[in-house]
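A.B. asks: So the chains spell out like this:
Protein chains: 2
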Amino acid sequence: MAEVDEAVETHAQPAVPGDLGWNLGMVLRGYQVLFEDAVEGMPSGIRGYQVLSAVVHKDPPNQQALGVHLAIDRTVLTYLLDALVSAGVVERVPDPTDRRARKVIATAGGRQMLSAYEKRVAVAEAELLSGMADDEAKTLGALVTRLAHHVHRADPGTSPCEAMDHLQ
Amino acid sequence: MAEVDEAVETHAQPAVPGDLGWNLGMVLRGYQVLFEDAVEGMPSGIRGYQVLSAVVHKDPPNQQALGVHLAIDRTVLTYLLDALVSAGVVERVPDPTDRRARKVIATAGGRQMLSAYEKRVAVAEAELLSGMADDEAKTLGALVTRLAHHVHRADPGTSPCEAMDHLQ
DNA sequence: TCATTTATGATGCTATACAGACTATATAGT
DNA sequence: ACTATATAGTCTGTATAGCATCATAAATGA
Numbered sequence: 023m024a025e026v027d028e029a030v031e032t033h034a035q036p037a038v039p040g041d042l043g044w045n046l047g048m049v050l051r052g053y054q055v056l057f058e059d060a061v062e063g064m065p066s067g068i069r070g071y072q073v074l075s076a077v078v079h080k081d082p083p084n085q086q087a088l089g090v091h092l093a094i095d096r097t098v099l100t101y102l103l104d105a106l107v108s109a110g111v112v113e114r115v116p117d118p119t120d121r122r123a124r125k126v127i128a129t130a131g132g133r134q135m136l137s138a139y140e141k142r143v144a145v146a147e148a149e150l151l152s153g154m155a156d157d158e159a160k161t162l163g164a165l166v167t168r169l170a171h172h173v174h175r176a177d178p179g180t181s182p183c184e185a186m187d188h189l190q
Numbered sequence: 023m024a025e026v027d028e029a030v031e032t033h034a035q036p037a038v039p040g041d042l043g044w045n046l047g048m049v050l051r052g053y054q055v056l057f058e059d060a061v062e063g064m065p066s067g068i069r070g071y072q073v074l075s076a077v078v079h080k081d082p083p084n085q086q087a088l089g090v091h092l093a094i095d096r097t098v099l100t101y102l103l104d105a106l107v108s109a110g111v112v113e114r115v116p117d118p119t120d121r122r123a124r125k126v127i128a129t130a131g132g133r134q135m136l137s138a139y140e141k142r143v144a145v146a147e148a149e150l151l152s153g154m155a156d157d158e159a160k161t162l163g164a165l166v167t168r169l170a171h172h173v174h175r176a177d178p179g180t181s182p183c184e185a186m187d188h189l190q
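Protein sequence lines, in the order shown, are assigned to chains A and B.
Heads up: the first sequence runs through residues 23 to 190, numbered per my numbering.
Heads up: the second sequence runs through residues 23 to 190, numbered per my numbering.
Because the hints were derived from the structure by calculation, they are not lab data.
Do not take every clue at face value.
[Unchecked claim] What follows is a list of derived Cβ distance ranges for each label pair:
1) B:Thr119 x A:Gly153: 50 to 60 angstroms
2) B:Thr100 x A:Arg175: 48 to 58 angstroms
3) A:Glu113 x B:Arg114: 52 to 62 angstroms
4) B:Lys141 x A:Arg96: 29 to 39 angstroms
5) B:Thr129 x A:Asp117: 21 to 31 angstroms
6) A:Ala148 x B:Thr97: 32 to 42 angstroms
[As the list claims (entries may be wrong)] Which chain A residues stay away from chain B? Per the calculated CB distances, all over 10 angstroms, these:
7) Gly47
8) Arg51
9) Asp120
10) Ala144
11) Arg168
In this text the structure is predicted, and so the values were computed from the model without any measurement.
Note that CB positions come from ideal geometry on N, CA and C, so glycine has one too.
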């Protein structure tokens, strides 16, 4: 594995174990700061946006699938959806084929709200990456996307502790 | 499980706004899952490790600098350090030049403990990236590092809400 | 000297996640 | 058909993390 091979790239980092975590945490923090600003006014903020976005773009068949996709615990999703429902943004529709399940769909207003916020979120995302060259940002985005899908595939479970056994 | 995502994978950025957040969140989640396992037994878990690592490798002059580096609120850092101190991992040493300040230093046992855990953390980090080619992982690491430093420079504040005024 | 700022610690509040119990429905085994 | 088990969703309680706030000590500057 990684030894003292500091021909890394920008400047020779002794690559302290844990730096990856610091880096990822810092990036996510920066993202959240910008994101929170961008989704101001959205019910339940960031998570509300994510739920609404997933509902519209992923069209999950029921709440469980929605929760798994976002890695949100089902009990959390309940009150997250409560907030969105009472804001008139989404609806819970009983699934005719399985009366235990409920499909979550966006209302017309919800879709409208989403597309309005998406513009702001896109700006925030661009801003986060504003310090990098276009091709770098693109590369980063592609690699992060791949890694994210890898992780999600390895652990589609809702709760982080549930399937922590193996990631590969 | 594998649905239509395959087509969207590498190129084509229909790029739903918010995907970057999902990706980053998922990567960080995967990291934390592995990390938590790797630092099992460490006082205060992940944060404890990060604090100890920063103390040893960054040698911050006082608690405030430490907190800023890790973007941890100073009141949080207090009890985090309390735990590490009572575990005999670090010590608070009064700064002779400023008697308000305390420098945090690792004990011999703490340094030993850190280097033991660092091996495990390095394995965990390698495991997270195990799905990628070496050069890809390297590129990703370099880009994330740059972005992280960019973010940290832009907002070195301790608390995320301080810089952006309000959380929801 | 006195006021202001800085470094740290202590306390209480709020939000949020997760575990576990509970209801309703579905599916499998007999 | 009948029971047993599994699943979807909700509700409740608890633990915890993080922040605001106040308190204390010491440095800085007027």
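A.B. asks: Each hint needs a verdict: does it hold in this structure or not?
C.D. replies: For each hint, the structure was consulted:
1. B:Thr119 x A:Gly153: 50 to 60 angstroms: violated (36 angstroms)
2. B:Thr100 x A:Arg175: 48 to 58 angstroms: For A:Arg175 against B:Thr100, whose Cβ atoms are near 40 angstroms apart, the range 48 to 58 angstroms is violated.
3. A:Glu113 x B:Arg114: 52 to 62 angstroms: Since A:Glu113 and B:Arg114 have Cβ atoms about 55 angstroms apart, the given range 52 to 62 angstroms holds.
4. B:Lys141 x A:Arg96: 29 to 39 angstroms: holds (37 angstroms)
5. B:Thr129 x A:Asp117: 21 to 31 angstroms: 59 angstroms Cβ-Cβ, so the 21 to 31 angstroms window is violated.
6. A:Ala148 x B:Thr97: 32 to 42 angstroms: For A:Ala148 and B:Thr97 the Cβ distance comes to about 34 angstroms; the hint holds.
7. Gly47: violated (7 angstroms)
8. Arg51: At roughly 6 angstroms from the nearest Cβ of chain B, A:Arg51 sits no farther out than 10 angstroms, so the non-interface label is violated.
9. Asp120: A:Asp120 clear of chain B: closest Cβ-Cβ about 19 angstroms, beyond 10 angstroms.
10. Ala144: Non-interface label fails for A:Ala144: nearest chain B Cβ at 4 angstroms, not farther than 10 angstroms.
11. Arg168: Since the minimum Cβ distance to chain B is about 7 angstroms, A:Arg168 lies within 10 angstroms and the statement is violated.
In the structure shown, a violation is registered for the earlier hints numbered 1, 2, 5, 7, 8, 10, 11, in ascending order.
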